[in-house]
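Visitor: Using the hints provided, position chain H relative to the given structure of chain V.
One line per chain: the protein sequences are V and H, in this order.
1 is the number of the first residue of the first sequence in the numbering used here; add one for each residue after it.
1 is the number of the first residue of the second sequence in the numbering used here; add one for each residue after it.
Errors might be hidden in some of the hints.
Straight-line alpha carbon distances no greater than 25 angstroms define the calculated DMTMM-like cross-link-like pairs of lysine to aspartate or glutamate that follow [stated by the list, open to error]:
{"no.": "1", "chain 1": "H", "residue 1": "205", "chain 2": "H", "residue 2": "187"}
{"no.": "2", "chain 1": "H", "residue 1": "205", "chain 2": "V", "residue 2": "225"}
{"no.": "3", "chain 1": "V", "residue 1": "150", "chain 2": "H", "residue 2": "339"}
{"no.": "4", "chain 1": "V", "residue 1": "150", "chain 2": "V", "residue 2": "225"}
{"no.": "5", "chain 1": "V", "residue 1": "150", "chain 2": "V", "residue 2": "118"}
{"no.": "6", "chain 1": "V", "residue 1": "185", "chain 2": "V", "residue 2": "210"}
{"no.": "7", "chain 1": "V", "residue 1": "155", "chain 2": "H", "residue 2": "356"}
{"no.": "8", "chain 1": "V", "residue 1": "185", "chain 2": "H", "residue 2": "273"}
Note that these hints are calculated values from the structure, not bench results.
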Amino acid sequence: MSTTTGPTAAGTRTLLSARNLVKHFPVRGGGLLRRTVGEVHAVCDVSFELAEGETLGLVGESGCGKSTTARVALNLIPATSGEVRFGDRELTSTSAKDMRALRREMQLVFQDPYASLDPRMPVSELIAEPLRIHGLYDAGGRQQVRDLMKTVGLKPEHGNRYPHEFSGGQRQRIGIARALALRPKLLVLDEPVSALDVSIQAGVLNLLQELQAELGLSYLFVSHDLSVVRHIADRIAVMYLGKIVETGPAEQLFNAPAHPYTHALISAIPLPDPRRERARERITVVGDLPSPANPPSGCRFRTRCPKFAAELSASQQSRCTDEEPELSDRGTGHPVACHFAEARSLL
Amino acid sequence: MSPAPSPTTDTVLEVSGLNVSFPSSDGAVRAVRGVDYALRRGEILGIVGESGSGKSVTSMAVMGLLPNTAQITGSITFDGQDLLTLSEQQLNGIRGDRIAMIFQDPMTSLNPVYTVGAQIAEAVRAHRDVTKAQALERAVELLRTVRIPNPEQRVSSYPHELSGGMRQRVVIAIAMANDPDVIIADEPTTALDVTVQAQILDALKAAQQETGAAMVLITHDLGVIAGQADRVMVMYAGKLVEVGSVEDIFYTPRMPYTLGLLGSLPRLDQQSERLTPIPGSPPSVVNMPPGCPFSPRCPLSTPECDDTEPVLESVGTDHRAACHHSSEVSGARPDEVFDTATVDADALGEFVQAAEGQA
Numbered sequence: 001m002s003t004t005t006g007p008t009a010a011g012t013r014t015l016l017s018a019r020n021l022v023k024h025f026p027v028r029g030g031g032l033l034r035r036t037v038g039e040v041h042a043v044c045d046v047s048f049e050l051a052e053g054e055t056l057g058l059v060g061e062s063g064c065g066k067s068t069t070a071r072v073a074l075n076l077i078p079a080t081s082g083e084v085r086f087g088d089r090e091l092t093s094t095s096a097k098d099m100r101a102l103r104r105e106m107q108l109v110f111q112d113p114y115a116s117l118d119p120r121m122p123v124s125e126l127i128a129e130p131l132r133i134h135g136l137y138d139a140g141g142r143q144q145v146r147d148l149m150k151t152v153g154l155k156p157e158h159g160n161r162y163p164h165e166f167s168g169g170q171r172q173r174i175g176i177a178r179a180l181a182l183r184p185k186l187l188v189l190d191e192p193v194s195a196l197d198v199s200i201q202a203g204v205l206n207l208l209q210e211l212q213a214e215l216g217l218s219y220l221f222v223s224h225d226l227s228v229v230r231h232i233a234d235r236i237a238v239m240y241l242g243k244i245v246e247t248g249p250a251e252q253l254f255n256a257p258a259h260p261y262t263h264a265l266i267s268a269i270p271l272p273d274p275r276r277e278r279a280r281e282r283i284t285v286v287g288d289l290p291s292p293a294n295p296p297s298g299c300r301f302r303t304r305c306p307k308f309a310a311e312l313s314a315s316q317q318s319r320c321t322d323e324e325p326e327l328s329d330r331g332t333g334h335p336v337a338c339h340f341a342e343a344r345s346l347l
Numbered sequence: 001m002s003p004a005p006s007p008t009t010d011t012v013l014e015v016s017g018l019n020v021s022f023p024s025s026d027g028a029v030r031a032v033r034g035v036d037y038a039l040r041r042g043e044i045l046g047i048v049g050e051s052g053s054g055k056s057v058t059s060m061a062v063m064g065l066l067p068n069t070a071q072i073t074g075s076i077t078f079d080g081q082d083l084l085t086l087s088e089q090q091l092n093g094i095r096g097d098r099i100a101m102i103f104q105d106p107m108t109s110l111n112p113v114y115t116v117g118a119q120i121a122e123a124v125r126a127h128r129d130v131t132k133a134q135a136l137e138r139a140v141e142l143l144r145t146v147r148i149p150n151p152e153q154r155v156s157s158y159p160h161e162l163s164g165g166m167r168q169r170v171v172i173a174i175a176m177a178n179d180p181d182v183i184i185a186d187e188p189t190t191a192l193d194v195t196v197q198a199q200i201l202d203a204l205k206a207a208q209q210e211t212g213a214a215m216v217l218i219t220h221d222l223g224v225i226a227g228q229a230d231r232v233m234v235m236y237a238g239k240l241v242e243v244g245s246v247e248d249i250f251y252t253p254r255m256p257y258t259l260g261l262l263g264s265l266p267r268l269d270q271q272s273e274r275l276t277p278i279p280g281s282p283p284s285v286v287n288m289p290p291g292c293p294f295s296p297r298c299p300l301s302t303p304e305c306d307d308t309e310p311v312l313e314s315v316g317t318d319h320r321a322a323c324h325h326s327s328e329v330s331g332a333r334p335d336e337v338f339d340t341a342t343v344d345a346d347a348l349g350e351f352v353q354a355a356e357g358q359a
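For reference, chain V alone in the conformation it holds in the complex (with noise of 0.2 angstroms):
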């Protein structure tokens, strides 16, 4: 099964790469010996491509592997198996050391802006730290960051106060001056707007998209927010329980989705438009994210999907169970898995 998340626009060059990732994290048992007991099978076999200047969303909700999908991608934490294209360099064989220079070139904004910065380090130097690690900070670094903080829409001269002088939404700006000072080629951003209030969160999107028009940036952005994907995005991929269930343009996933899931979350957002909101359709889906340590045979969604519980035959139902649906397209205009995936419009 090789399905990527598709082709990515004509005529941009592929910059990352991921084929065939797999993450297993081990489960210790309580004993002494910490024995492994078990696996989490945090990614399971996810594919997708990255283009220059494009930004693919990663979207699910929590436990679904999006954030681990990023980190592997990154070579932050070692793929039990897969590949994972950078440019024209394999990363998962990479050594440490040549990693480090490499890093320049992609570089990670967290969520959490409070607990990503340090607290001892006055802001001109958090900004200054990748540019000193890398050597490039005699050669104008001075100069350089009072540019990134004014970029980035913070006041140069606020340079020598610390993280805990700013609000939330400035820090979230000292993090992404900080992942632009070395240029880079790759954002991956995890979460980068989720613990902001949405007065502030507006003005941070704004600001990554004019950076990457500006800076021709590459985004990975993962989000279990659909509605900042939908903005964001130009593509898409939903994943459930380590696996990537549907994936392409981000104008074609939501106006016409074709996995179960996807139809669900799109329609358990609530509109901030009252009448649309009391008029929609709903798709609930029942119960809770199945163990990522022992996920349901066959299809992983079936167990609380309503298109199997409502409308499926029980010989269709019995191949939910026995065969795992492959992402591809079935005919609904991008790839989806799901045995009988169909496209529908929710909004």
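Guide: Same frame as chain V, but now just chain H:
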């Protein structure tokens, strides 16, 4: 869509002139400043606002749950008595019985060492003279109302054996145990995934319909408000800045802050090029300057705004806004009032040039 309650519907809870401040080394933190509202029987009143706007403190004051250091003035009238003048013991007779509360985090509002059945039964027996067996029976019935599968078995589960969504249902079951008149739900779905959120909102609605209680729904999520609330109060810096029906607030907002919030929202149902964020950040509620607290972030701000703080004034039927320029906001789109540009293009250009020169 539930019908809007008629103006003649009686009021169950009335808050007037509520002020809450906390002493701090930098001066008094004025968390709530002069909040007035009336909760009508059977309605869902949404309170929206960002972190620190005072929406939770307002409700904690109603429940009498603020620490002793809080200085509270004003009155909170429920059933003909001012809750602020009642003793702790008198409050205990009302809390959990006539007024119930649902908190954000179900793990901290449930006791980990008792079964959920025992905890629901406890809530019942605290206010009703029933046997343990009867209370447990009621617990099963309540769990069924909030749509917990196999309630007969689940009643003897411990909180850790349940998922976050199930736990929140148990909290809702406890809240509705004594058929309250008022349920206050403070960010009841914030800790949950969206698909679970949808289930919990259904359970809340079921609880509200079953008990006929009025509900105060506090959330930062405008989508949840749009789907659930009959009326909405928007809070900013400890004050109500706009109050109206859910349609007034979403379709004809009259306070620039409300308009800015709506413009900041990425929409699932439409593709937009750029959002219109509100510049700046909320003010500190310590030593607040005179004037409108939103003025420093408001594109419509004039000198008048910095001198006198606007009061809530009627701008339509059952619709009030606190803004000197509320007539200018009328009918405006967010992008007509707020600016979208955020990047300093010159600084970016210099940075790019410098970095290229280096490479």
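Visitor: Against the 25 angstroms threshold, does the CA-CA distance of residue 205 of chain H and residue 225 of chain V hold or violate the hint?
Guide: Given pair residue 205 of chain H, residue 225 of chain V holds - Cα atoms ~24 angstroms apart, limit 25 angstroms.
Visitor: Can you confirm whether the C-alpha distance between residue 155 of chain V and residue 356 of chain H stays at or below 25 angstroms?
Guide: Roughly 23 angstroms between the alpha carbons, so the hint for residue 155 of chain V and residue 356 of chain H holds.
Visitor: If you draw a straight line from the CA of residue 150 of chain V to the CA of residue 225 of chain V, is it 25 angstroms or shorter?
Guide: 28 angstroms, violated
Visitor: Quickly compare the C-alpha distance for residue 150 of chain V and residue 339 of chain H to 25 angstroms and report which way the hint goes.
Guide: 18 angstroms, holds
Visitor: Within 25 angstroms, alpha carbon to alpha carbon, are residue 185 of chain V and residue 273 of chain H?
Guide: 23 angstroms, holds
Visitor: Taken at face value, is the distance from the CA of residue 210 of chain V to the CA of residue 185 of chain V at most 25 angstroms?
Guide: 15 angstroms, holds
Visitor: Is the Cα-Cα distance between residue 205 of chain H and residue 187 of chain H 25 angstroms or less?
Guide: 15 angstroms, holds
Visitor: Between residue 150 of chain V and residue 118 of chain V, does the CA-CA distance stay at or below 25 angstroms?
Guide: The given pair, whose Cα atoms are some 21 angstroms apart, holds under the 25 angstroms limit.
In the structure shown, a violation is registered for the earlier hint numbered 4 alone.
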